[in-house]
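Number of protein chains: 2
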Amino acid sequence: MNKALLLVGMMMLSFAFAKAQSSNTRQDSTALRTIYNHNLTNSKSYDWLEHLSNEIGGRLSGSPQAQMAVEYTLAELYKVADTAYLQPVMVPRWTRGTPEIAYFKTTKGGKTKVNVCALGGSIATPAAGKSAGIIEVNGLEELEDLGRNAIEGKYVFYNRPMEATKIQTFEAYGGCVDQRYSGAEAAAKYGAAGVIVRSMNLRMDDLPHTGAMSYGDLEKEKYIPAAAISTNDAELLHEALKNDKDLQFFLQQDCTNHGEVQSYNVIAEIKGTQFPNEVILVGGHLDSWDLGDGSHDDGAGVVQSMQVLETIKATGYSPKRTIRAVLFMNEENGLRGARAYADQIFTKNQKHILALESDAGGFSPRGFGFDTTDIQMSQIQSWKSLFAPYLIHYFELGGSGADVGPLKNTGAVLAGLRPDSQRYFDHHHASNDTFDAVNRRELELGAATMSSLVYLYDQYGLATKLKK
Amino acid sequence: MNKALLLVGMMMLSFAFAKAQSSNTRQDSTALRTIYNHNLTNSKSYDWLEHLSNEIGGRLSGSPQAQMAVEYTLAELYKVADTAYLQPVMVPRWTRGTPEIAYFKTTKGGKTKVNVCALGGSIATPAAGKSAGIIEVNGLEELEDLGRNAIEGKYVFYNRPMEATKIQTFEAYGGCVDQRYSGAEAAAKYGAAGVIVRSMNLRMDDLPHTGAMSYGDLEKEKYIPAAAISTNDAELLHEALKNDKDLQFFLQQDCTNHGEVQSYNVIAEIKGTQFPNEVILVGGHLDSWDLGDGSHDDGAGVVQSMQVLETIKATGYSPKRTIRAVLFMNEENGLRGARAYADQIFTKNQKHILALESDAGGFSPRGFGFDTTDIQMSQIQSWKSLFAPYLIHYFELGGSGADVGPLKNTGAVLAGLRPDSQRYFDHHHASNDTFDAVNRRELELGAATMSSLVYLYDQYGLATKLKK
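Going down the list, the sequences are from chains A and B. Under my numbering, think of the first position of the first sequence as 481, with each following residue one higher. Under my numbering, think of the first position of the second sequence as 481, with each following residue one higher.
Incorrect hints may appear among the rest.
For chains that are exact copies, the list does not tell them apart, and a pair is met inside one copy or across any two.
Unchecked claim - Keeping only pairs whose Cα atoms sit at most 20 Å apart, straight-line, the calculated SDA-like set for lysine to any residue is:
hint: 1; residue 1: K524; residue 2: A644
hint: 2; residue 1: K864; residue 2: Y874
hint: 3; residue 1: K800; residue 2: E715
hint: 4; residue 1: K591; residue 2: Q939
hint: 5; residue 1: K610; residue 2: Y583
hint: 6; residue 1: K700; residue 2: R573
hint: 7; residue 1: K588; residue 2: G941
hint: 8; residue 1: K864; residue 2: F875
hint: 9; residue 1: K646; residue 2: N919
Source of the hints: derived by calculation from the structure; they are not laboratory data. This one's a predicted model, so the numbers in the text were calculated from it and none came from an experiment.
Construct the complete structure from the given sequences, taking the supplied hints into account.
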């Protein structure tokens, strides 16, 4: 941005310190303008994302790429924060191995190849793959009615689609993801050969979408392979099964669980001048799935969190409270980083007042979802008009982010950036979650919006009474 | 959608007719839910757009493709409206000819190719192209100071970029587009050899963006060629000129103005049951530029307008007022269709109460811009909460659409759909304005949002007093 304008902005920020809360609207408005201007003209976020996506690539927990991402972001954070350091955390390591093969064969002998991918954490099939019958269900709740006789020895095909009529696509995801996460555990109890899950994708395409699954309390010898099938091929299989209930499904995958390996959360902060023990946390997760390069999930959140610190430094703003960026490891298949971080803060004399996560893609920001109290929501609503020039309008109770979840009941307001969600699940956990799908301005506006909320919390701290 | 749910929706709509305005919130809410559900599950808009984009392609006024688009949309509108017809309109026909060539040569002889395209309406260069010096300016207002001595015989290079700090990108466009539209006319008055205009694009890339230009009142023999240069190459040229003010710029283009040819607006309507002479208009423009296939500009607006009629028919809603879709011809280089439409309505005994245009791309809808009075804005604001579940929040005075502009002062509320604008100018008038850049859900949500506003105007007509 223009240096003169920046100086004017900074001068007005200084005035803000001297004035009472009620008279600060103009100063806050100037501060937000300064933040947005910086992000839209001099942000580092897009270049950081390009490196993470194109130079490093997919960053599955425990992979060499995840370690490269730790080292790269630590080095970059050194440049923009007062201090940067690693928090060790053990993470599961799972590898996909050879790309998966799947097809179905009708009783007349017709063979149709379908696009599948192993779910994260799944076991392999036998080395030569496995053919079996397949039974379609609309969700876990149908298994009990079908019973062991219908299921045993067959693949279970979970085909409940995401509901297109949900405007907030995360709700549609929430309505289906139990099939992916718990489908294998549930089907294994009835002796299934494996599970094939319709991809969590609102779009009809040929890309299978991976994601975490769990065997829960199953004994290891009962584990069965689990794979996702693309939405187009889910429809194809559904149609084929209508005509031929006895068709045979073949799946071959050789993924491996390697146990636990050493990894790290990356943490950096700018120390508060007045209340250094009050922490405002921003974060995203460094790990990603392996099919794409994890640009939206969650490269975007990582670089936006880094950018909050860079924005503070570059605009010369001196925060009262400590502003900390945490790049969590292993959000995707274990949440180990988030748990380790939460465990640690309870042993320190620090109070978190805001924990803000960006993990919903680098799309145009719309606002925030909050997990907090009425008193705190009242404070947030009082800031709404400051965000109107930036078309930020969504400040609602409901949802924050997986990584900040373990900080619930610490007194912190938990929050999640809410970008426009319509295209998120087109890319989520699939091979097209790539750098070219992220728009620079949308990414930058997200970082500016996060920085603005951080600024307001830094100025005012946590409200202690309901605003009239 | 589910047929039973549709029936329930329709029953509740019937109740709405019998109730007073103030008690209709629940019925309106149900109606909007029905509209959104239909659009997100059974819309034709995306299939229509695929045909316009992939089967027909770029639809420049007077081209065979524009005529194909007239015939296709007329045939499709027959299927979903009570009546569909053509309104004849004469339009300018301009063709690009051979793809343009441009490079610059430094005084030391280094030659660098740059990406350019002729602006719409420009004349050709001499057949072998033309080399000349080039002088960079930051806008039209610099020409007078430079004067004829500095400009004569050279290309004028207009390099004022769109301002990245504008959140509403159309404002950034408005701050630059005079260079493209009037740059040649202004430079010709000082004897320039031609003009090279930085593309109206916030992104740095290699794609030149065309668009309309005008020679104004210039005598024909003073016309000079005008071309756009990509943003990356504008920067390249800017850097080269810093070191070498005497470098030579070469441009070769063989575009042609063919005079006027016959074309048509495509119009279709569903007749109102109670107030057939009160018209609610929805529209977009059928013509596009020739470099891409015009999917965002304005295939999206065309199919969304068609979809408003389809939604009314498919949900069984019987409008009180006449709902009319107008697919305007020649918005891009003349606005002939819009003027012809406006001229015609003054001769008919019909009152337009709303004229709503979609011409800002098929991105996630955020709301509407209105060109109207305080009384009408008060009515619109009273509907705001009905749109909240769909994350539609922007209802502001300011801007509507070029094609509905000539209807100003008819008493109609003029409105423009406002989708998220961050990515629009990445594609606008360039070769990447293509079908793959449009997301199905975002397109459908836009059509649903338009249909919802149409429904509310149909229910309540125009407010006649300020709402308390």
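In rising order, the numbers of the hints this structure does not comply with: When the structure is compared with the hints, numbers 3, 4, 7 turn out to be violated.
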